[in-house]
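Hey, can you work out the whole structure from these sequences and the hints?
As you go down the protein sequences, you meet chains W and H in turn. Residue numbering for the first sequence follows the working numbering, beginning at 1 and increasing consecutively. Residue numbering for the second sequence follows the working numbering, beginning at 1 and increasing consecutively.
In case anyone wonders, no lab produced these hints; they're calculated from the structure. This structure is a prediction, so every number in the text was calculated from the model and none was measured. Hints are not guaranteed to be accurate.
Far from chain H, some chain W residues (derived; all Cβ distances over 10 angstroms) [said to hold, decoys possible]: (1) G14; (2) L17; (3) G137; (4) Q152; (5) E157; (6) E158; (7) E163; (8) T173; (9) A176.
Beyond 10 angstroms from chain W on every Cβ pair, some chain H residues (computed) [stated by the list, open to error]: (10) K181; (11) D398; (12) P476; (13) V534; (14) V576; (15) G580.
Below, simulated EDC-like cross-link-like pairs (lysine to aspartate or glutamate); rule was C-alpha separation at most 20 angstroms, straight line [stated by the list, open to error]: (16) H:K559 <-> W:E100; (17) H:K190 <-> H:D85; (18) W:K110 <-> H:D554.
In this text, a Cβ means the ideal position worked out from N, Cα and C, and glycines have one as well.
Each chain, written out:
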Amino acid sequence: MTTTVMLCGVGGQGTILAADILAKTAAQSGLDVKLSEIHGMAQRGGSVTTIVRFGEKVFAPVTDPGEVDALVSFEMLEALRYAHFVKKGGRFFVNNEVIEPLSVAVGTLKLELDPLQKLNELGAELVDASRIAQNVGSPKSANIVLMGALSQALPFEEDVWREVITKRVPPKTLAANLEAFDLGAQSVRAQ
Amino acid sequence: MESQLLLSGNEAVARAAWEVGVDMGVGYPGTPSTETLEALSKLEDVYTEWSPNEKVALEVAAGASFAGSRVLVTMKHVGLNVAADPLMTLAYTGVNGGLVILVADDPGMHSSQNEQDSHNYAGFAGVIMLDPADPQEAYDMTKRAFEISESHDSVVIVRSSVRVAHTKQMVSVGERKGAIKQAFKRNPAKWIMMPAYAKGARIKRDDHLATFAQSANCDELNRVELADKTLGIICSGVVYTYVKEALPEASILKLGITNPLPQALLEEFAHSVERVVVAEEADSILEREIRAAGIECEGLSCPRRGELTPALIRAALGLSTAEVNEAFTVAPRPPMLCSGCPHRPVFYALKKMGAIVTGDIGCYTLGAIPPLEAIDTCVCMGASVSMAHGLEVSRSLDKKRGEESTTGDAPVVGIIGDSTFAHSGITGAVNTVYNAGGGTIVILDNRITAMTGHQGNPVNGITLQHRATKELELEPLLRACGVDRVRTEDPNDLAAVTNALKEETSADEFSVIIFRSPCILLTRSWPAAYKVDVATCRGCKVCTKLGCPAIEFDSQTRKAHIDEKGCRGCGLCEQVCDFGAIACTEGETN
Numbered sequence: 001m002t003t004t005v006m007l008c009g010v011g012g013q014g015t016i017l018a019a020d021i022l023a024k025t026a027a028q029s030g031l032d033v034k035l036s037e038i039h040g041m042a043q044r045g046g047s048v049t050t051i052v053r054f055g056e057k058v059f060a061p062v063t064d065p066g067e068v069d070a071l072v073s074f075e076m077l078e079a080l081r082y083a084h085f086v087k088k089g090g091r092f093f094v095n096n097e098v099i100e101p102l103s104v105a106v107g108t109l110k111l112e113l114d115p116l117q118k119l120n121e122l123g124a125e126l127v128d129a130s131r132i133a134q135n136v137g138s139p140k141s142a143n144i145v146l147m148g149a150l151s152q153a154l155p156f157e158e159d160v161w162r163e164v165i166t167k168r169v170p171p172k173t174l175a176a177n178l179e180a181f182d183l184g185a186q187s188v189r190a191q
Numbered sequence: 001m002e003s004q005l006l007l008s009g010n011e012a013v014a015r016a017a018w019e020v021g022v023d024m025g026v027g028y029p030g031t032p033s034t035e036t037l038e039a040l041s042k043l044e045d046v047y048t049e050w051s052p053n054e055k056v057a058l059e060v061a062a063g064a065s066f067a068g069s070r071v072l073v074t075m076k077h078v079g080l081n082v083a084a085d086p087l088m089t090l091a092y093t094g095v096n097g098g099l100v101i102l103v104a105d106d107p108g109m110h111s112s113q114n115e116q117d118s119h120n121y122a123g124f125a126g127v128i129m130l131d132p133a134d135p136q137e138a139y140d141m142t143k144r145a146f147e148i149s150e151s152h153d154s155v156v157i158v159r160s161s162v163r164v165a166h167t168k169q170m171v172s173v174g175e176r177k178g179a180i181k182q183a184f185k186r187n188p189a190k191w192i193m194m195p196a197y198a199k200g201a202r203i204k205r206d207d208h209l210a211t212f213a214q215s216a217n218c219d220e221l222n223r224v225e226l227a228d229k230t231l232g233i234i235c236s237g238v239v240y241t242y243v244k245e246a247l248p249e250a251s252i253l254k255l256g257i258t259n260p261l262p263q264a265l266l267e268e269f270a271h272s273v274e275r276v277v278v279a280e281e282a283d284s285i286l287e288r289e290i291r292a293a294g295i296e297c298e299g300l301s302c303p304r305r306g307e308l309t310p311a312l313i314r315a316a317l318g319l320s321t322a323e324v325n326e327a328f329t330v331a332p333r334p335p336m337l338c339s340g341c342p343h344r345p346v347f348y349a350l351k352k353m354g355a356i357v358t359g360d361i362g363c364y365t366l367g368a369i370p371p372l373e374a375i376d377t378c379v380c381m382g383a384s385v386s387m388a389h390g391l392e393v394s395r396s397l398d399k400k401r402g403e404e405s406t407t408g409d410a411p412v413v414g415i416i417g418d419s420t421f422a423h424s425g426i427t428g429a430v431n432t433v434y435n436a437g438g439g440t441i442v443i444l445d446n447r448i449t450a451m452t453g454h455q456g457n458p459v460n461g462i463t464l465q466h467r468a469t470k471e472l473e474l475e476p477l478l479r480a481c482g483v484d485r486v487r488t489e490d491p492n493d494l495a496a497v498t499n500a501l502k503e504e505t506s507a508d509e510f511s512v513i514i515f516r517s518p519c520i521l522l523t524r525s526w527p528a529a530y531k532v533d534v535a536t537c538r539g540c541k542v543c544t545k546l547g548c549p550a551i552e553f554d555s556q557t558r559k560a561h562i563d564e565k566g567c568r569g570c571g572l573c574e575q576v577c578d579f580g581a582i583a584c585t586e587g588e589t590n
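Here it is in structure tokens:
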């Protein structure tokens with residue numbers, strides 16, 4: 001069985017670091033892993049996705065609509081943009097934040113849908129990731145909060161997550177990042 | 001000692017090249033290939049350099065190979081077009097030290113202007129091509145590529161693609177044993193490709209390919225996985241992984257060598273299964289070649305464009321795919337020029353002028369996206385300069401005939417970045433001068449190759465190792481080319497930008513304006529944010545026409561708003577506001 005996690009967000013939000021931590025956690029837990037990301041033009045504030053797949057043997061680095069086990073979105077609209085990739089019964093972990101696309105922010109386009117309502121209908125777990133990150137004193141750690149939330153849906157030992165995070169983040173921000181991870185996990189356990 | 005590292009396909013190629021003793025790595029940045037040379041540059045005891053373009057890179061590599069060094073050359077698929085000239089003839093000369101080209105294709109065009117399939121080049125040039133499916137194979141095949149290059153006296157192309165280049169997996173790696181070098185020998189018949197020698201070299205090339213094609217029939221890089229014999233799939237590269245996912249029961253012939261094709265193995269496989277389907281993305285080269293070899297096969301019944309996925313393969317074969325939930329329509333979120341980008345004022349001014357703008361390849365291609373919508377063309381590296389000349393000439397021909405021009409009388413401006421100008425813009429400028437052309441070229445010199453992730457280039461004089469070297473000074477260069485009207489302006493001053501564009505486009509001769517200001521992302525500390533004074537704002541929305549990601553408009557209150565976290569203090573909005581409603585927050589106390 002291969003598990004597929006899709007991470008999505010807006011270019012520059014830190015999806016790549018989060019995907020790296022997830023991939024290393026899976027690898028260190030003894031699984032075969034593939035991580036596939038798109039960079040280049042999309043990084044300039046565009047919509048971005050990263051796929052992480054793990055299991056006994058992983059072939060394709062990409063996925064198809066209806067095949068994703070868990071979607072981690074750094075932003076609410078991006079969660080909806082890729083919602084159809086999630087399989088029936090799949091889970092959504094979504095940062096409780098809307099970043100309006102420029103066309104909407106300047107009033108050229110209308111939002112047409114209520115993201116909160118739609119995400120609630122999908123049974124998404126909303127995580128206050130940006131605020132939690134702010135509170136632990138490391139605003140860039142929203143991605144780690146979301147990994148904490150995702151950890152509740154995956155079979156990996158907490159120690160492995162913590163070890164990987166310890167190796168991957170700057171030592172100065174380590175304490176804040178570990179706290180961010182714990183609070184992310186707690187926020188899902190509480191729901 | 002063998003160990004495991006989480007590596008991207010690009011990093012895996014670099015690691016393998018390093019381990020097999022390359023002396024040198026050269027290339028030009030291009031998504032999705034860029035990190036390969038960057039990764040190699042970080043390893044010890046190997047020389048690496050960025051070239052101004054891919055043709056130069058391959059020629060530098062040819063010189064190093066001639067001298068006996070093993071050398072890796074990296075580029076994206078369209079870069080191979082630029083390097084095609086030396087490639088076609090290096091196929092005849094062959095190599096001395098192993099010469100391997102890593103070319104990364106971009107099916108789906110995530111960051112490219114086309115999705116040409118580099119498989120075409122291997123057959124066209126007559127060089128050997130290896131086709132890895134994932135980072136581990138990229139590592140293994142790069143190592144093999146150097147051995148094959150030397151044993152078969154051929155340039156070898158390792159053909160990667162975005163889903164190999166930018167996929168990471170745990171890769172088993174080894175260690176470097178030091179540089180490996182071949183003895184240098186002058187050999188005119190091998191290295192001087194004038195007709196007398198080239199005729200012999202052509203025969204030698206054909207013989208080497210034929211010999212390799214024979215051995216390819218039993219090479220472990222070409223692998224048959226026999227299973228259900230009702231369906232046999234022939235595939236290569238990352239498509240193999242999609243086939244394994246989509247059709248776990250099918251028999252597969254996985255081609256690790258896509259040029260030359262293993263005739264006997266193909267025949268044997270085709271005979272062992274009832275139905276042969278070739279699965280490939282972006283083009284139908286394997287299918288055509290296999291048919292031409294007299295083997296009956298079919299292609300997937302889906303368009304040969306964009307990326308394949310496991311579900312597309314299943315659907316093309318009439319098999320079921322996953323049940324899919326409702327898809328939402330969400331306002332698109334295209335990439336855009338960063339907040340504070342020094343390119344923005346230039347595009348804003350060009351749009352206001354109604355100029356016809358030939359664009360080029362780089363971040364500034366984003367000047368095409370609403371609301372700026374300031375460029376009219378984007379074709380290939382350097383085309384902005386030469387296309388502007390072509391447009392100007394076409395217009396002058398109309399005038400000569402006494403006719404109204406098809407392009408009216410809007411100013412003609414070619415717009416190009418610093419790195420792209422060094423890559424292939426200079427020859428275009430020489431051409432315009434040589435042929436007494438007109439028009440205006442704008443060079444957006446932001447002191448970096450920005451779009452591919454901040455690489456050095458000849459204009460900023462920063463090497464691949466981030467060391468300072470001589471800068472290519474554009475002003476004297478252009479004057480030496482014969483451009484009499486060259487001026488340099490600060491793009492952050494909108495009045496100066498507008499004025500310069502007006503003056504130069506109304507001049508009666510060819511002119512170049514250099515707008516010089518570093519990429520906003522080169523600095524981590526920005527000036528204080530700007531703020532809208534709600535009482536003064538008239539809701540005219542002019543600031544929203546800048547396409548700045550930090551500027552929002554509240555349709556309820558009909559007032560503009562600047563996101564303090566997103567603002568990088570460039571002050572362009574203050575310059576366009578007619579009512580003085582926008583000001584810097586510096587010195588403000590909250």
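Hint check results:
The non-interface label for G14 (chain W) is consistent with chain H: the shortest C-beta to C-beta separation is roughly 15 angstroms, beyond 10 angstroms. The Cβ of L17 (chain W) lies farther than 10 angstroms from every Cβ of chain H, with a closest approach of about 12 angstroms, so its non-interface assignment holds. Annotated as non-interface, G137 (chain W) keeps its C-beta farther than 10 angstroms from every C-beta of chain H; the closest such distance is 16 angstroms. At the 10 angstroms boundary, the C-beta of Q152 (chain W) stays outside the reach of chain H, the nearest C-beta of that chain being 22 angstroms off.
Separation of E157 (chain W) from chain H is adequate, the least Cβ-Cβ distance of about 18 angstroms exceeding the 10 angstroms criterion. Every C-beta of chain H lies more than 10 angstroms from that of E158 (chain W), the closest at about 21 angstroms, which supports listing it as non-interface. Every beta carbon of chain H lies more than 10 angstroms from that of E163 (chain W), the smallest distance being close to 14 angstroms; the non-interface claim holds. Annotated as non-interface, T173 (chain W) keeps its C-beta farther than 10 angstroms from every C-beta of chain H; the closest such distance is 16 angstroms.
The claim that A176 (chain W) lies off the interface holds: its Cβ sits roughly 19 angstroms from the closest Cβ of chain H, which is beyond the 10 angstroms cut-off. Annotated as non-interface, K181 (chain H) keeps its C-beta farther than 10 angstroms from every C-beta of chain W; the closest such distance is 35 angstroms. For D398 (chain H), the shortest C-beta to C-beta distance to chain W comes to about 36 angstroms, beyond the 10 angstroms cut-off, and the non-interface label holds. The claim that P476 (chain H) is not at the interface with chain W holds, since no C-beta of that chain comes within 10 angstroms of its own (minimum 32 angstroms).
Remark: the non-interface label on V534 (chain H) is consistent with the geometry, its nearest Cβ contact in chain W lying 16 angstroms away (cut-off 10 angstroms). Separation of V576 (chain H) from chain W is adequate, the least Cβ-Cβ distance of about 14 angstroms exceeding the 10 angstroms criterion. Here G580 (chain H) stays apart from chain W, with its beta-carbon at least about 20 angstroms from theirs, past the 10 angstroms limit. At roughly 16 angstroms between alpha-carbon atoms, K559 (chain H) and E100 (chain W) fall within 20 angstroms of each other, so this suggested pair holds.
Between the alpha carbons of K190 (chain H) and D85 (chain H) the distance comes to roughly 17 angstroms, so the proposed pair stays at or under 20 angstroms and holds. As the CA atoms of K110 (chain W) and D554 (chain H) are separated by approximately 12 angstroms, the hinted pair is consistent with the 20 angstroms bound.
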